[in-house]
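Chemist: Reading the sequence shown from the start, the letters are residues 1 to 235 in the numbering used here.
For the record, the hints were derived by calculation from the structure and aren't laboratory data. Please read all numbers here as calculations on a predicted model, not as lab measurements. It is possible that part of the hints are untrue.
Ranges of calculated distance between the beta carbons of each label pair, as one might list FRET restraints [what the hints assert, rightly or not]: (1) G209 to W173: 43 to 49 Å; (2) W173 to D69: 17 to 23 Å; (3) I203 to A36: 25 to 31 Å; (4) G64 to P135: 40 to 46 Å; (5) G124 to S159: 22 to 28 Å; (6) P135 to A36: 41 to 47 Å; (7) A61 to S152: 29 to 35 Å; (8) G185 to V35: 27 to 33 Å; (9) P144 to L172: 39 to 45 Å; (10) G26 to R74: 23 to 29 Å; (11) S68 to T198: 39 to 45 Å; (12) A151 to D89: 19 to 25 Å; (13) S159 to T207: 25 to 31 Å.
Beta carbons are placed, not taken as given, at the ideal position from N, Cα and C, and that holds for glycine.
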Amino acid sequence: MAPYSSASEPIPSVELALITGSASWGLAFPEDVPVAGVEVLARDVAFDTPYGRTENWKLLAFDGSITSDRRPRRALCMYSHGNPRDEVDHACHRRAFWVLREAGVKRVIACSTVGSVNRAIRKGDLVIAADIIEPTQTPYSLLPGRQKFDASGKQIVCSTCAAILAGTAGRLWPAEGRVHGIEQGLVAGHVYGPRLTTPAEAIMFRTLGADFINHSIAPEATLAREIGACFTPCA
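Required output: the full structure, derived from the provided sequences and hints.
Modeler: Set out below in structure tokens:
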């Protein structure tokens with residue numbers, strides 16, 4: 001398959017999406033990660049949406065040797081905070097998840113960096129949130145109206161995918177770090193960047209029950225629920 005150009009392309013049909021974020025600013029996935037069985041089918045893909053253009057997507061292929069059920073998979077991969085990366089774009093998720101809905105995505109895995117407000121979570125640990133706190137609520141939606149639809153938040157994180165992710169990380173994560181799985185019930189507090197939380201805000205989130213703080217998890221989790229896809233974060 002030839003690489004896509006920067007012109008808008010038809011949206012491929014895939015069931016899996018990978019969202020990268022600040023955890024991989026200096027790392028191109030999968031180009032900088034020497035993992036057998038992963039192939040870049042296309043890069044620098046752009047799609048037009050009702051909310052504007054979304055760019056810099058990749059189409060990836062995973063062969064059955066590295067998937068949990070031994071079936072080959074294709075996945076769309078995008079950068080969480082929008083492009084270009086030197087601009088702040090809080091609305092990028094709406095465009096991105098419109099694309100994922102049109103692609104038929106059913107599983108979303110999102111990778112990011114977090115700041116811990118729980119001393120049990122140390123530098124170098126990997127955490128999978130079981131729940132989120134979003135005091136402001138995501139300000140945009142893909143649902144066609146509150147009179148017709150609501151999206152449940154009862155189980156915001158997919159326990160099945162989280163278990164697979166934790167099991168894989170347990171085999172591959174450096175020995176000096178720990179893997180905190182979904183069974184630990186850790187909670188992610190969400191704030192919209194680019195400003196980081198103040199000390200008082202960090203105390204507020206800890207008092208509310210958050211274990212760490214993130215800049216992208218809430219819109220990702222919310223819009224994944226709206227399009228009917230299960231959502232699994234890791235940080």
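Chemist: Please go over all the hints and tell whether each is borne out by the structure.
Modeler: For each hint, the structure was consulted:
| no. | hint | in the structure |
| --- | --- | --- |
| 1 | G209 to W173: 43 to 49 Å | violated, 26 Å |
| 2 | W173 to D69: 17 to 23 Å | holds, 22 Å |
| 3 | I203 to A36: 25 to 31 Å | violated, 46 Å |
| 4 | G64 to P135: 40 to 46 Å | holds, 43 Å |
| 5 | G124 to S159: 22 to 28 Å | holds, 25 Å |
| 6 | P135 to A36: 41 to 47 Å | holds, 43 Å |
| 7 | A61 to S152: 29 to 35 Å | holds, 33 Å |
| 8 | G185 to V35: 27 to 33 Å | holds, 30 Å |
| 9 | P144 to L172: 39 to 45 Å | holds, 41 Å |
| 10 | G26 to R74: 23 to 29 Å | holds, 26 Å |
| 11 | S68 to T198: 39 to 45 Å | holds, 41 Å |
| 12 | A151 to D89: 19 to 25 Å | holds, 23 Å |
| 13 | S159 to T207: 25 to 31 Å | holds, 27 Å |
In summary, the structure is inconsistent with hints 1, 3 from the numbered list given earlier, while agreeing with the others.
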